[in-house]
Each structure stands twice: as structure tokens, then as C-alpha cells.
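Fit chain B to the supplied structure of chain A, relying on the hints for placement.
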Amino acid sequence: MTEHTREDARPEAAPVDYQTQTFPYRRHVDQDVASPARHPVVIIGAGPVGLALAIDLALQEVPVVLLNNDGRLSVGSRALCFAKRTLEIFDRLGCGQRMVEQGVSWHVGRVFFRDQQVYQFDLLPQAGHERPAFINLQQYYVEGFLVERAQQLPLLDLRWHNEVVALEPQGEQVRLTIRTPDGTYAVMADHVVACDGARSPSRRLLGLDTQGRTFKDRFLIADVRMNAPFPAERWFWFDPPFHPGQSVLLHRQPDGVWRIDFQLGWDADPELEKQPERILPRVRSLMAQASLAAGGSGAVPEIELVWASVYTFSCMRLERFRHGRVLFAGDAAHGVSPFGARGANSGVQDAENLAWKLAWVVKGRAPEALLETYAREREGAADENIRHSSRSTDFITPKSEVSRLFRDAVLDLSRDFDFARKLVNSGRLSTPTTLHTSTLNTSDEGAFGGCLQLGDPLADAPVLAGGTAGWMLRCLAPGRFAVLVFAGAEGADRDSLQRACEQTQEILMSAQSAFDGLPAPALLVLTREEELARALAAQLPAGVQVLQDDLGVAHERYDGQPGSALLLRPDQHLCARWRRLDAQRLRQAVRCATAQPLPCAAGALEEHA
Amino acid sequence: MTLITTAHLESPDDFYEALLLAHKDLSAADSQAFNARLILVLANHIGRLDVLKEALAAAALGAKSPTAAASPGDAATPHRCT
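Same order as they appear, the protein sequences are chains A and B. The first sequence runs 1 to 609 under this note's numbering. The second sequence runs 1 to 82 under this note's numbering.
With the rest of the complex left out, here is chain A (with noise of 0.2 angstroms):
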């Protein structure tokens, strides 16, 4: 609903293949410099994560310079499930519309054991969120059109074929040194994010080490095309006929292409297992099977092989995120196993987590300690998606006799018991971070029900604007706090009416008077009323938007009554609530969200250190 969140309707144009497509190196004019540019950050790596960071930075008006080492994007499905909470951050970029248009909505997935189903789950019974509980969307797309919204910014500098052979702290600066197709040379950067993937070479260049498990197992993963009449779900077979001993996931991708993960073992040869001839007849028997399981005669389709990988993986994690003004993100800081889509997600709440506090920090309206929030909070998400994510590798894939056992025992009772369901682990689907113990967070002082807790990014619900039915997450804006204030009337004169308006106003004035010499926050009024939504349309500021909640979801999910006011983070995270809002302990709660100095009002206080 506000501009920022709008996309651009997009002319009618021959779709791109972006696995082929090759961004051209472009000399740049710091490359003719005699001493190195200063720029205030350079990020490294323009996968997902590096360019959902650039982009929400230049939408908060930070300039940002983008490297990336060649000129490709990223070839076959790799990442290729996109849960809800990052196609809201898509949105809030401007991208996600086209991502959600061109991917492979689902939400219910089936488990087989053997070759009968025993287990089915619906991701999303929930109505009253916009977006899907996960999209089917190779990397290449996400990339692709991630660059194009990129292209849009002209504060994005992004520059391809810029490899960065040296990084060097240099006291609140960072130099670093890139090679380039004619020559090296240097820039200085205020603060520098290390996008740079699983083998990231920055933290090579720093000399730092992970820490975890590497897991003795070989995966393939085969894209093939064919005209195959299945829905859209996630399939989870242990134990197949079909692949006996092992486990296997079946998922569909836009364009006509599935997706096939099949376990290996250890033993597994890997150039071998690629082979054309080696996977077709695996897909073949898994499609006859597929076939019966969708209720089909069991035959197999015409079957193209678009792209295949062999893989092994690690659940690991840098100790620190945060190298004095080197900051790691996604799968440069974490890795986990691809069992429940937890690498690219968290990767890119990685970026939105990292964006307005950089921000911040870059203008000047916030310390450097805010940046180490942003490393104790991801730290401590990378760790929760490293434990579910070990946990399900342990569950699909026994690690000896007796969990093999249990593992079986589970499945066995899951036809039967619901009970056993809850146990069987074929990946814990990603979901938001919640950010309950962040020392960001001001204790609330009344009682909240509702499904939001404190630390929670706030929950979507649809809205009305001025009588246009749209969503709750659409009205925020990137990198502005937001205040959102319940209002309500105890009757449908117009005496009430004026009297609840006049409340309102009186809130919202203390609410803007604690944002005194801060950027202004985004200004939100729900009503359940229609009465009242007009009255307060037409009597608010125009920087006010007036909501009607007419469903009562919003009242529902957030506990809104009269007079109750939410303090959102940038990232939309929950930061405060109160059931009376004072300007006083507004502000305070806003300094202790931005990690200034003062201790804050209540609640969980930490040393920023």
C-alpha cells in the first residue's frame, strides 16, 4: 500500500533463460583512482543473501557496492524452497510478486514408509496470510530477478567479475583488494558483509575456521522434465522399493521440472552416480511409484534430464558473525542440512536482520554495538536451525543399529497413532526466527494473548485501506520503525466517535514526539469499526494510515484492544507493546531497539558490549 512495497507491472517480454544469461565486466572509475574510494559498505557475494542486503540497503538510502567474483548466476534448482517469511522480505524489496507469480506455490507434504503413505501435513491451515507457506522456485529465478530489482536502485553499485583476493582490517576501516579481467585494485570500506557462500573465501582470506558436523552421507539431486500429473507437495519416502535402505524427496518446480533428491550413503561414487545412464533408471521406478502413490496406472512419462548434483553437507557455524567490521552472512556464516529448506531462508533473514541496523549505524543514528545484536541474534537462529536441521539428518538417515530402530518403530506406529506422526522427521520446514530473549526487546509490563509474542516478526492479516482490501505486512515500510495503535469507540454516535478519535490523535502525538531528531516512524491506526475507520481517515494526519481490521484477525493475532500500541522493528520484528502507549517509554524502548547506550526501561538487559 505504500510505495515502497508496490511493484512496477512489468511489459510483457520473452522470458529470460538466467542460467544462461552472462553479466558483462564493466571497468569502473575507482579502478582509476590514485588512492583506494572509501565507500561506507561493500558486500561480497550477489547470491540471494548478498543482494536482498544491497537491495534493502538502498532502499533505506544506503549507497552499497556489490561484488561478485564471475559474471554467472547460479546454475540448476540448488535453494529452490522459498518459505513465507522470506517471500514478506521479497515484498518489502519490491521483488516478491514475481517470484510468487513464477514459482510453485504448496503446502501439504506426505511421508511414504516403504511404498505406503503414513503420514500427511498441511503447512498452512491458517487463512489470513498473503503469502504461501512455501514457493518452489529454482535459485536462478530468486537471483535473477533479485539482480533486476537491483538494476532499478541507482545506489546499488553492482559489480561482476570483481573477485577479492585480500581483505585487511585497518582500524574502523576494512581495505580490500579485487582482481578484476584488466588488473587488481583497492577500495576502504566502512563496513564490509561477507556474502560469499559455503566456501567462502573472505572468511579464508581472514584466516577464520567453522565449527560442527560434517555428515557421512552422499545425496544426488536430479532436475528432470517431464509431463507428469502430480500435485504440487512435498513426497518424503523412507525405505522405498524403489530405492531401497535409503530416502528420497520428490518436489515440483515451475517450467515442467521436478526435483528428485536421493540418499546414496557414504560409499557412494559421486562422478559415477552423475551419470545420465546411472539416474534415469532411479527417476523411472521412482515415477512408476509416484504414479500409483497419485493414483495413476504406474506408468513413467517421457523424462529429460535438465541437471544433476552430488553432495554432502555439514551443520556448521562461524563462532562469531561479527570480525570488527566484517560481517558474515548466510551460508558463509552457517550451513545446515538441505532437510527443511533452512539455508537460503535463514540466509536471507540473515540480510533482513543486518540491513536497518547497518543503516543505522552508516547514518550516524545508531552505535557500532547495534551490529553486534545483529550477530548475537542470527548467531542464535543459526544455532536453532542447526539443531532442528541435525536432528532431522539423525531421523532420516540412522547413524547406527538401534536409531535405525527407533527410526523404523516411528514410522511403523505412524500408520496407526497420531502420536507417532509428531515424532516421524523428514525435515522441520523452516519457519520464522522469533527473537523471544533479544536484548533489543523491552519486557512487556501487561499481559498479551494472541498468537504474536514478543520477539516474533509481526504475523500478516488482511486489512482494509480506505476500503481496499489488502495486508498487514504491506503497510510497513523498509527501514522505519513502526508504531501501530488499536482504537475503538464505545458507541456509533458521534460523540463516541470524535471521542475515540480524539484518543487516537492524543497517541499518536506521543508517539511522534518520542521520535523527536529520529527518522519518522511508519504510523498505523486499526480499527474493527468501519464507522470509525472513516472518521479517522478523514481527521488523521495524511501520514497516518487508518486500517480497518473488518475480520478481526489483526485484533486476534496481536491481542488489539482500545488504546494497545506495538512497537515494530524495520524488520518488522515486534521490539515493545503496551496497553497504554507514554511517550516516555516509547522512546526508551526505541534507544534500547537501536542498542544506545542508555540501560534500558525493563526487561532483559545485556552489556552491549
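Among the clues, some could well be false.
Taking lysine-lysine and the BS3-like style, the derived pairs with C-alpha atoms no more than 25 angstroms apart in a straight line are [claimed, not checked]:
no.	chain 1	residue 1	chain 2	residue 2
1	A	K216	A	K363
2	B	K53	A	K399
3	A	K274	A	K216
4	A	K422	A	K399
5	A	K422	B	K24
Not everything, but these chain A residues come out facing chain B in the computed CB check (under 10 angstroms) [to be verified]:
no.	residue
6	L305
7	D408
8	A409
Derived from the structure by calculation, the hints contain no laboratory data. Just so you know, even glycine gets a beta-carbon here, dropped at the ideal spot from N, CA and C.
For chain B alone, kept in the frame of chain A given last:
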């Protein structure tokens, strides 16, 4: 709530007989699988994690070699890489 370790079975001998009967005619492997399912069914009935953890500790105490009972038996190896 804590784990009940005093006598609580309604009819100990009847239960024991039923347990052995359930295993009658099962191969060693099938008995193992049966026991695993039984543990899961009973664990769900108990429900509470703290009580279940006490039960795990109590079972470990009963082993002839407590250290063997406590080892995780995990083939994954810690590693460091850059």
C-alpha cells in the same frame, strides 16, 4: 511430577506374563522392534519430558555397565574446516 519408582503396577505378575507373551514366537530382531514401538507408545502416554528424562536416567542406572548405556553411539564426527 516426578518419575514413580516405588511399586505402582496394578498387577505386577500379570503384566510380566503379558509382556513375555507378547514376545513369544518373535525373532530377536522382531522383539527388538516390538520393544522400540512399546517404548514410544509408553513415552507418549507419560508425555512429560522431565519425567521421561528421569526414566532414561533410571534405565541407565540399571545397566551393568552404566558408561556403555550412556554413550550416544553417533557416527558423525566433529570437524574443523576453513
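Hint check results:
Straight-line distance between C-alpha atoms of K216 of chain A and K363 of chain A comes to about 47 angstroms, which puts the hinted pair past the 25 angstroms bound. For the proposed pair K53 of chain B and K399 of chain A, the alpha carbon gap of about 22 angstroms is at most 25 angstroms, so the pair holds. Taken as a hint, the K274 of chain A and K216 of chain A pair is honoured in the structure, with Cα atoms around 18 angstroms apart against an allowance of 25 angstroms. Between the alpha carbons of K422 of chain A and K399 of chain A the distance comes to roughly 21 angstroms, so the proposed pair stays at or under 25 angstroms and holds.
Note on K422 of chain A and K24 of chain B: the hinted pairing is violated, with a Cα-Cα distance of about 30 angstroms set against a maximum of 25 angstroms. Proximity of L305 of chain A to chain B is violated relative to the hint, the smallest CB-CB distance being about 31 angstroms (cut-off 10 angstroms). Checking D408 of chain A against chain B: minimum C-beta separation of about 7 angstroms stays under 10 angstroms; hint holds. A cut of 10 angstroms between beta carbons decides the hint on A409 of chain A: the least distance to chain B is about 4 angstroms, and the hint holds.
When each numbered hint is compared with the structure, violations occur for hints 1, 5, 6.
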